[in-house]
Every structure is written in C-alpha cells, then in structure tokens.
Amino acid sequence: MTMEVWGIAILWLFLYGYMIVGSIDFGAGFFHFYNKVSKKKHPVNSLIQRYLSPVWETTNVFLVFFFVGIIGFFPDTAYYYGTALLVPGSISIVLIAIRGSYYAFNTYGASDSKVYSFLYGITGLLIPASFTTVLTISEGGFLDISENAVTLDLMALLTSPYSWSVVILAVVSVLFISSSFLQYYARKANDEASFELFRKYTLFWSGPQILASVFIFFALSEHNPAHFADMLDIWWMFGLSFVFFVGVVVLTVLKRNLGTAFILVMLQFFAAWFGYGASHLPWLLYDYLTIYDGFVNTTMGITLIVSFILGFLLLIPSLYLLMRLFLFDTEYIRGNKK
Amino acid sequence: MEYDPATYSRILTGVTLGFHIIFATLGVGVPLMIALAEWTGMRKNDPHYTLLARRWARGFVVTVAVGVVTGTAIGLQLSLLWPNFMQVAGQTIALPLFLEVFAFFFEAIFLGIYLYTWDRFKSKLKHFLLIIPVIIGASFSAFFITSLNAFMNAPQGFELVDGVIQNIRPLEAMFNPATPTKTAHVIITCYLTAAFVLAMIAAYKLLKGDRNVYHKKALHLTMVSAFIFAIATALIGDFSGKYLAEYQPEKLAAGEWHFETETEAPLVLGGVLNEEGEVEYALEIPYALSILSYGYPGAEVTGLDQFAPEDTPPLIVHYFFDGMIAIGMYLMFISFLYVAFRKFKPAWQYNRWLLWGIVAGGPLSLLAIEFGWMFAEIGRQPWILYGIMRTPEGATTADHVDSMLYMFIGLYTVLGVSASLVLRKMFRNNPVAHELERRGMDKGE
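Protein chains in written order, with this note's numbering: chain A, 1 to 338; chain B, 1 to 445.
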C-alpha cells in the first residue's frame, strides 16, 4: 500500500469508528426521548444514561479526528469541500452543538427537562442525515467548479434520488445499530423489559435498513455508473455484509448470543463501509480530486503517520480502561455501582 | 454592509473563537484547580476540600460540554471559512492540529472516567490519579493549538519557491520562535482565570452571608493559587513583549501607539487618538517601552514609521493591549492583598471591599483573555500568515457567509443563556449546606 492509501485507510477507519459509536449515541438519544414522551418504559432511560454519560465526549472526538486528519493528509480537500460545504457544514455544526450541549444540560443539570431531551433526541437523527451531504457530494455532479470558485448546486442536491437514499439509509442504520447494541446492553443488565423493547426495535428497523441498502445500489447506478461498476467488482464485500446481517437477525430472533450479534452488526457495516470506500478510490471527489493529487507532502505524511501510531499507543490502553470500567463492568451496567 | 466573504469570515471566526475561549480557558484551568482541591483534601484528610473538588467537577462538565461543541465548531469552521489557508496549513502545520486531537481524545476518555468513579475505588489516590491525564490532555491541547497560532505569527519550517511550498520541516514549523512565549502565556492565563472564576464564587457566597468554613477554604485555595499564577503571568507577559519587539515590531508598535522609531521610548498608557492621529489624555512613562522591549532604557524601539501603511495593524489594538495589562495588574494586586492580609492582618481577610474586589476579578479575568486574544489576532492583521498570506487570500469565496454569521450568533446566544441557567439552577437546588449535611460533614462555623 502506498502512503496515500494508508492515509485514507486510517481516516476511513476513524469515520467507521464514528459511525458505530456515533450511531449508538444518536439512536440512544432518540429512543431516550421517544420513551420519555410515550411514557412507556421509563426505566429504559436510566439504562441509556448509564451507557452514554461516560462516553459522550469520546464519541465526538472520532469525528474531530476525521476532519482534522483529512485536512492533514489531503489538504486539497480543504479547498474543494471547505468552499462547497459552507452552508450544509455550518448546519451540521449547529446540530452537533445543540445536541452536545443539551445532552449535558439534561444529564448533568439540576433537572431532567423534556425540551432538552427533545433537542438532543431529534438532532441525533438530523446529524447523520446532514453528514451524508459529504458522501453524496463526493460522488460528483453537485459541484460547479471553475478556475477560482467552487459552488454547490443546492437544488441538484435536494432533488437527487441518490442523495435522499443516502439520508434514509443513514437514519435507519442509526436506529438499527443503536437498538442492536442496546438490546445487548439491556440483556447484560438483566433488564428484561428494556431488552424486549430494544429487541423489538432491532427487528423492526432491520427491514427498512436492508431495503435502504439495496435501494442505494440502484440510485448510485443511476447517479454514478462508473463507481457502481467498481462496486460490482468487489460485490463479495457487500455479499458478506448481507450474510452478517442475516446472522444478526437470526440471533436476535433466537434471543441468543447478543454480544456476537452486535459484533456481527459491526462486521456488517465494516464490510459495506470498506467496500464502498475501496470502490470509491482513487477518487476523493469524483472527477476532480484523487488521493494522489491531493496528498500532503511526503515529510508531513510520514510525520502524521508516526504521530498517529504514537498517539494510538497512548489511546488504546485508555480506551480499554474506559470500556473495562463502564461497558464491560456488569455491576456498573446493572446500576449497582456508581 | 456590502457582501464581502472575507470580512464576514473574519467576524464569524472572531465570534466563534470569542465564545469558545471562555469555555476553553476554563476547560484548561479548572481541572488543575480540581486536582489541587482533591489533593489538599487527601493530604489534610479534610472532606471539605474533597467536596470542593466534587462540586467544581460537577459544574465543570456543563462548561466542558459547551467548550467541546464550540471547539468542534471552530475546528470545522477553519476549513469552511478559510479553505485556502487550510490548504497551506495542511501542508505545513497539520502535525500540531493532529496532535491536538490526540490530546483532546486522551482528556475526554479520562474525564469520563474521573467523573463517574468518585465512589468506585477504595483508595482515594486511585481516583485522584485519574485527573492527572485530564490536566495533561487539556494543557497539551492548549499547547498544540497555540503552537499552530504561533506559526501563523511566525511561519517557518518550509520554503516558498515561486508560490509553491517546498522542503517542509514539520517540527521546525511547530516549534517556531513564537511558540514558547505564546503557549506559556496561554496556559498560565488559563490557570489564573480559572482560579479567579472559582474564587469569585467563594467570595460571593461569603458576601451573601454564607460564612461556612467550606467557602473560606475555597477562597484560600483559589486566592493563593491565583497569586502564584499572576506572578508567573506577569513574567511570561514580559517575555512576550520582548518577543514582539524582536520579531513582530509593528504589532508592539500598534499596541503601544509608538509611531516613530526612537531610543529611550516612553510607554503610552490609555489615551485616545484624535482626528489628526495624535494621542491625547494618555499617561506617558519615560523609558518604559524601551525597558519593556529590550530590558534597558536606552534601547531603540522600532516605530510604525518603518512600515508601509498596508502592512500595519489597526491602531485600535492599543485599547485591548492596555486593557489586558491593566486587568493583569489588578488581578495580581487583589490576590496579593488577600495573601498579605491573611498573613499580617487576618482581621481584614474577609473585608467586604476585598471580597467585592475578588468577585470583580472573575469576569475581569475572562475579559482580559478576550482582550489578549483580540490584541494578538487583530494585531497581526493584515496577515493570516505573517509576511506570507494576506487575510482575504485565505478566506472562502462562498456565498452566504453573512447568513451563517447570524445563524451562529443566534446559536451562541442560546447556548450561553442555557448554560448559565443550568449552572445557576444546579447549585441553587443543591446548596453546600445541604450537601454537607447529607454527607455528614456539617461542622461548619
């Protein structure tokens, strides 16, 4: 692999990480709000809070890492995407800001507020939708690029079937990933009522999730036939993803091995995500920017990769500690330990 | 105002940073104060200090949340508003930006652990140790991000051949001449500000008649720390002045309204500029600028006359510069008074005037942070990369920067108001006296 491919692979991995932890987080926020207003299963919410509270800040860093990293490795993306995404990017920032702040206000503040809960629940679904703009634009066809200006054709973006199919996939995937994690978490907490609820959600969202995935292939074949052809070349990655998905549904129906089921969810998205990413290469932005012409100078590239490795040596044990103390500590999950 | 993306980009960046640094400053400084309180509690076996750490930590989370989201905002806005600059920055200075995220990651992980393990470990030391990575992470992220800002003031570590950047040396870019003074100044003022903001709370409680020993301990811890940090700030500030005289003389000259190059240069305090560009009502201290710049009264200080008008910063920075220094002096004076009274005249230790002076120190210290940043940032205009790229060249060409500006002003207003309401409510609903009682520590005077 060349350094360019290493660079994009690292970033893609981080975006994948964000997709998983972010989805759990966003979905949990939405369920938290939904359960609160429907007054159905209030105890579920303390379970959600126990998971979210220690990790919410960490989740955010995965995202920051990605957009800082992409400027570092591929500075030219700053020029194209930075200029084009002013409006959608700013909207995403506002959503993230509202969500993060009101999550903290609601959780750590003096009282549990319905308005705050609404704000962070609803933005949790809008954020992934707003992020998909970047993915959609990267397929080409939405930017008007001339000698010294880059403009986004907002109308084309809003009327494109492809763009909407990505939005739908993003939203249902969030709910699917989140509920499949929470059913596992609830089971570990011995909270049968919550478990049943999230199991229901998992099964409910599995249908739209897979339908949206299939639909996106059609939309993409219309929008960017070249990319679609490249995807067909590695069709087995998407096939694998589907196999993992079937595994998830089967285990959920059988109510068995839910930890494994969640790992399968992660693998399902891993295969699809990297299949999509690999077939997108070498383009960062279709027809304009490849990973080769947008790469940072070699010295900086090496420095970044070295610092990435050193940084990771520091992070892995810390992340392990975080998971040991909260995610995998049964007593904590059950709420017996503060 | 006519639509000019560069101007709107500057205002929006200024607004975002201006809002962010309030929370970022506390984010860097407060963990250190929490650690000091927890450590004191452990060493003296005094549960009051431990409770202090606990309550500070609780309020801290709310400010951290706003700090994190506005930090994310400025991180993204750099690319959205300054795409051309970021293209260059990516080539030369991606390293500190990248490392900053690692430091932030490290901090985020341990902050989560710290906040949720108060009652988990048998050994108090174990829990205390968890705040150390938070302090390290916070201070290092301040260091890295400030070194990027230092690079914008003193770009080096690359060559420009026909407009193309070549021969990049990332470490040299990161450790540029401005890095030591800038980073040290930023970090120490974060500590100073956090100490004063927390002292403000204690002083206010004492003024309101809550004579609980808890608040007295809080006041003592924060004021002694503040005094030490204030001395360090003054020392580092002096180095920063000498740095400017050497490397960025027009910034210092604009800040000081020093128009003509001369030896034995006087320091201009306060004053206003009249229509003819002359200084009125100012207090002049002979030789002081020469001493400030080079350490001896006969030194020659470069004036604005040495620079083309299009290369000099706006003269308004003088007010920010003086404001920052005046507040710095005030903070040092007030904390000195507290320490001196405590030692020599304990009867005056809780004097109403002194307490009000401390209360004022809280908002003033934040104001000084704002002034300092405004001086540093506006003072390097017209450059975004000193001597290399002018600010408008770095800005976006996109439409709608003006609407984005209004949207963000709205957002920050809402966030600022909500955060204050939440913090107020949090501590109103759970006053110290109640918590002391609940924890069986009700031995206050």
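Rather than coming from a laboratory, the hints here were simulated on the basis of the structure. Wrong hints could be hidden among the right ones.
FRET-style restraints, in silico, Cβ to Cβ [claimed, not checked]:
| no. | chain 1 | residue 1 | chain 2 | residue 2 | range |
| --- | --- | --- | --- | --- | --- |
| 1 | A | Phe204 | B | Ile228 | 58 to 66 Å |
| 2 | B | Val213 | A | Trp6 | 25 to 33 Å |
| 3 | A | Ala226 | B | Gln306 | 41 to 49 Å |
| 4 | A | Val246 | B | Arg424 | 26 to 34 Å |
| 5 | B | Glu246 | A | Leu321 | 22 to 30 Å |
No farther apart than 25 Å at their CA atoms in a straight line, the calculated lysine to aspartate or glutamate pairs in the DMTMM-like style are these [to be verified]:
| no. | chain 1 | residue 1 | chain 2 | residue 2 |
| --- | --- | --- | --- | --- |
| 6 | A | Lys39 | A | Glu147 |
| 7 | B | Lys124 | A | Glu331 |
| 8 | B | Lys425 | B | Asp210 |
| 9 | B | Lys44 | B | Glu435 |
| 10 | B | Lys216 | B | Asp399 |
| 11 | B | Lys425 | B | Glu435 |
| 12 | B | Lys122 | A | Glu192 |
| 13 | B | Lys122 | A | Asp329 |
| 14 | A | Lys255 | A | Glu147 |
| 15 | B | Lys242 | B | Asp162 |
| 16 | A | Lys188 | B | Asp119 |
| 17 | B | Lys124 | B | Asp402 |
| 18 | B | Lys126 | A | Glu196 |
| 19 | B | Lys126 | B | Asp46 |
| 20 | B | Lys124 | A | Asp329 |
| 21 | B | Lys126 | A | Asp329 |
| 22 | B | Lys208 | B | Glu437 |
Note that the Cβ used here is the ideal one computed from N, Cα and C, for glycine as well.
With the threshold set at 25 Å, check whether the alpha-carbon distance from B/Lys126 to A/Glu196 stays at or below it. 38 Å, violated
Whether the CB-CB distance between A/Val246 and B/Arg424 falls inside 26 to 34 Å: At 53 Å between Cβs, range violated.
Would the hint linking B/Lys124 and B/Asp402 be met if the CA-CA limit is 25 Å? 52 Å, violated
At the C-beta level, are A/Ala226 and B/Gln306 separated by a distance inside 41 to 49 Å? Violated - the Cβ-Cβ distance for A/Ala226 and B/Gln306, about 58 Å, lies outside 41 to 49 Å.
Hinted pair, alpha-carbon criterion (25 Å max): B/Lys124, A/Asp329. Please report holds or violated. 20 Å, holds
Given the hinted pair B/Lys126 and A/Asp329, is their alpha-carbon gap at most 25 Å? Between B/Lys126 and A/Asp329 the Cα gap is close to 18 Å, so the pair holds against 25 Å.
Take the C-beta atom of B/Glu246 and the C-beta atom of A/Leu321, compute their distance, and say whether it sits inside 22 to 30 Å. About 45 Å separates the Cβ atoms of B/Glu246 and A/Leu321, which means 22 to 30 Å is violated.
Straight-line Cα separation of B/Lys126 and B/Asp46 no greater than 25 Å? Between B/Lys126 and B/Asp46 the Cα gap is close to 17 Å, so the pair holds against 25 Å.
Taking the beta carbons of A/Phe204 and B/Ile228, is their distance inside 58 to 66 Å? With Cβ atoms ~60 Å apart, the hint holds.
Assess, step by step, whether the Cα of A/Lys39 is no farther than 25 Å from the Cα of A/Glu147, and give holds or violated. Answer violated: A/Lys39 to A/Glu147 is near 57 Å, above 25 Å.
Checking one constraint from the list: CA of B/Lys44 to CA of B/Glu435, max 25 Å. Satisfied? 20 Å, holds
What's the verdict on B/Lys122 and A/Asp329, does the C-alpha distance respect the 25 Å limit or exceed it? 17 Å, holds
Figure legend: structure checked against the earlier numbered hints; hints not met, in rising order: 2, 3, 4, 5, 6, 10, 12, 14, 15, 17 and 18.
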